[in-house]
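Hints in hand, dock the two standalone chains.
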Amino acid sequence: MAMDAGPLLAIENLRTYFYSRAKRAFIRSVDGVSLGVARGETLGIVGESGSGKSVTALSAAGLVTAGPGVISGRIDLHSNGTRRNLLEGLENYARFTEQDGRVMAVEKDERGWRKHSDTLMAGVRGKEIAMIFQNPRSALNPYSTIGKQLVETIRLHTNFKRESEAKERAIHWLERVRIDSPGLRFDNFPFGLSGGMCQRAMIAMALSAEPSLLIADEPTTGLDATIQSRIVDLLAQLKTETGITTLLISHDISVIQRLSDRIAVMYGGTVVETGRAAEVLAPQATARHPYTAALLASIPSAETIRRKSYLQAIEGEVLDTIEVPRGCRFYGRCNRVTDAIRENCAGIEPPLAEIAPGHKVRCWLYPAAEKA
Amino acid sequence: MRRYVQTPGPIGEFSELSLAQRAGPLDLLYTGYGLLVVVVVVASYVLGAFGWLSHDPQAINVGLINAPPFTSGHLLGTDFLGRDLQARLILGIQAYFLPGLLAITISVAGGSILGVLAGYKGGWFDTIITYFDNLLDSFPRLVLILLVIAAFKPDIYYVMVVVGITGMPVIANLIAGKIAFLRQKSFIEAAHALGLPAHTVVLKHILWLNCRALLVIQATLGMAEAILVETSLSYLGFGVQEPTPSWGNMVQAGANYFLQGNFWPSTAPALAILATILGLQLLGDGLNNLLEGKRRK
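Chains as they are written, first to last, in numbering that gives the first Met the number 0: chain A, 0 to 371; chain B, 0 to 296.
The shape of chain B in the complex, shown without the other chains (with noise of 0.2 Å):
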């Protein structure tokens, strides 16, 4: 069935406080914490980019096979090659950049549309995409990944492209849900008595001023879930593959010297998962509190 979620927006319930003084002392916390996950993504990202890294992070050197932590020259230590960590796991993000940017841009560009269509037309467009939602519902995503891999080839934008294309109907309900809701208030009919012609109304008066918050929140949790899906495969076997790193395949190479006491090769990459995916959840959910204006309780 289709699922309509009112977000209690801050419709009727504006206060002429400032963004600082609405948000409560977690909410700050949270939104600063995954800000600053950002900057530090989007700083590897460009670091790894430009190649500007301490050490080349394709360099093996047999003579270090997983050198621990705060070895000289390797802050963070070496891998089962001797490869050094710090500059793979920076590498690493660039496995998850583009290809999370081009899931969320599916996502929220494609949900967007159906959840326009679904709201604002109804009629056939609602039942197509209850439909669509439940086929996505009712099958595991890794297994419809992993087939997208079989049938072309385990490259990371193919299984972002799925990862986008899975994601589009949460955002469709969400849109479609708010658009439910806007319609019934006055100010949307009150566009349309003035003659505003409906892609204005739809496109800036509902999707634009009122759902753009919703979508940066979802894009931040889309980000989230790429990474962890990218992980998920990764160690399967099925996601990036060597020698580019990336954090799921470090986690997976280092894990087979865990047990021999070697734990950081995998330690490092699972705690820089740990603390970007929180980072982004975190973010998403303080910019929720902040933005559409939700009291914690």
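Here chain A stands alone, though its shape is the one from the complex (with noise of 0.2 Å):
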């Protein structure tokens, strides 16, 4: 395969808007985020439940179609040596009226924009961009055999369209997922099968497609903690084996540590923190974003287990993505707020500035963001 250019997937400033009936607003999950996968790396991205992680995803999966969400930005997907954009011409199906950069109403042609958007996710949703979710013993259909279900995948997106064919290679992918005695397992039910069984069926399924994106969206969640570790261990193995990339969302930060080479902290719909995982969660780190800062004091590891101290909950409640502040996100909890900034803090939104070589931070505390 030729080496494209540039990252395997870029996200550029996108913003995925809900609108809630019950209180009259848009709730911004995604407010503006900018992200890039490179080709054989594993982004993670890491926050609070309602951080707008997963919805990321899910737009970058074409799956946000719900009701009145509306998506803006670009998301350029670069495989098999063409870019597309996977939000191309969707901005004519919906009209936003704006006020001072808040999107204050919207109109959309919902049957045309979600008419459009199949067509634009044709050939891509399942075949370059495959998905993994939570609770995996739900995400497989349960009247199916696993087997029927993962040679229908394999018939839809590969070359191999006979029956016996793909059921051959769907064997060959159970057993790379190490599922044991794949012959047999083939024919049972999902209930006939641990969660950590159907999260490797799963698995086996959204790569059996042979994606160049890998969507794991909380993959161990729901499962138990031993099998967790299985199932991590089962990525990073999959991971040298076929150089997937991968765009993980946890907020299991030991999972993200795993397996990520670069790591993305989100807050509040927009990522607040980027840069290489060693670093960015480095134990000894000081330059770092307050709340990935915070996020760290409220894990054990060994240094605090060895220490006795105690884990330090972060105050106060994640935002709400209604009424988002003018200034930082994150200033109603942040606990390093100088004088000196507080002003900025309170009224300014901090830009992403790079405060070492491919070391994003959000924050006034660091002076490249009054550069930026």
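Since the hints were derived computationally from the structure, they do not count as laboratory data.
Being a predicted model, the structure only gives us computed values, none of them experimental.
There may be inaccurate statements among the hints.
[Claimed, not checked] PhoX-like cross-link-like pairs, simulated, lysine-lysine; straight-line CA separation at most 20 Å:
1. Lys147/A - Lys203/B
2. Lys126/A - Lys114/A
3. Lys120/B - Lys114/A
4. Lys107/A - Lys160/A
5. Lys238/A - Lys126/A
6. Lys184/B - Lys203/B
7. Lys166/A - Lys203/B
8. Lys160/A - Lys120/B
9. Lys120/B - Lys107/A
The structure is reproduced here in structure tokens:
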């Protein structure tokens, strides 16, 4: 395969809003996210529930179609030597009314939107971008055997069109995800398998189409702790074997730490910090976003256990993305605001500024923010 | 208003027990009896269709009018024209079998299509189906059938078309409710994420794999419904017309002699109706418990 220049997936200024009928307001789930996933790397997105990490992934897979959701920005997928914007032309189906940078009203042709989105996604969803979900047991059709479901995707997406070929391929994939006696498991229904095995089958289904990007949305949530670590091992092994590009989403920092090359920390619908995993999560690192620091302080590490120190919960509530504050989104919960920067923090949203090569932080603490 | 009837299906409550292990004794009894009725009905249909009957069901014998059961040669006796009741009972199933299947086909096929459109497309399909449902609910079905008969002719197939159409909203509602319920399930989202085309998801993963049990159950109940409607119509004199026998017109013809003490010409078909409808209803009930995994409290 010819190596294309640039990242495999480039998300630029992605905004995904939902309309809350109850509150008559837009929920700004994803609000100006820019991310790049380079070929062969694993990008981990970490953040609390409601920080917009899953919605970012769903937007990339074209799965946000529900109701008056609105997506804008660019999502470029470079694969097979071509570049396509997965949101190309969708802006024709929705009209925004903006008022000082905030979307106030949206008129949307939902049918046209959905139809156009489906044409954009044809040949991409499942084929180029595959997804695995949390709660694998419920992600498989309970009325069909895993073998049949696997054969279905293989015949749909690959050149193994004949039933017998596809079955052979399916068993090959069950073997690759290390399901024991795959020939027998082929005929099992999802309820006959453990959660871990269901997730393995799900991973087999996602990978069997040989996608260029795998989106793993909380792949270990809803599994037992021991199974979680096995699934993480499996994902790590598959990564070295196939070199697949992965967008990994998790609120579990230990999972992110083990699998990711780079990390993006999300808060309140934006990326607050991004950089190489080793740098962002290094225990000694001091230059980091206060939110990342708070997240790390809230999970047990060898260090905290040795020092017998208490874990620190992050004060306050997760940002309500309906009323986004004018300044820094984390201002209300931040414990590192100094008098020197308080005015900035409260009034102006900091830019994502590079504090070290490849390491960007959205915080006024760092002088780079002033220059950017 | 639209009713979303959510069948608490077996999703998430699967067990590895086999069908027989999951079943309660009553479910097996019901299903067994229902299947027996189906076998008898199909056998009678075949016998009648090929004319393999002990007597000519139309042969009039004025010497042996209203003969009681166990008269020699006539196991169930004869009717007011001396025709053999047993042969007429067996032939009577002809009036229900194909017309009933027609009604079921119309209601299941039409109901599934409407249900899928309402559940999956939503929007104005949903509105149309709700209004269609309300319209049919607010109009007595028997009157509608009588109107059709008056406009065309008292043909059982016309009646069954109406029965089929009026049965559609019930199934449409069930399917739409089930789809609304299933769409929140992650395996449907996962199927979309795996790039399966929408029609595969709807037809295969939703309708075929998840609604087939529901449709079988509705079909059994639909057959029972068809028989009941024909019976009511025959009793009014608008059903299958003499001399073609149907259980309904046999009851009606026999009823004239009931008070003279000749109870059998109307009781035999009435019992046949009772046993068959009971069987079909219990079959539906039993299948519901077995296939949809509902447990009796």
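We went through each hint and held it up to the structure:
1. Lys147/A - Lys203/B: 12 Å, holds
2. Lys126/A - Lys114/A: At roughly 19 Å apart (the allowed maximum being 20 Å), Lys114/A and Lys126/A satisfy the hint.
3. Lys120/B - Lys114/A: Holds, at about 12 Å.
4. Lys107/A - Lys160/A: 39 Å, violated
5. Lys238/A - Lys126/A: 18 Å, holds
6. Lys184/B - Lys203/B: OK: Lys184/B and Lys203/B at ~15 Å, within 20 Å.
7. Lys166/A - Lys203/B: Status holds; Cα separation ~19 Å.
8. Lys160/A - Lys120/B: 30 Å, violated
9. Lys120/B - Lys107/A: 17 Å, holds
The structure fails hints 4 and 8 (numbered hints given earlier, in ascending order).
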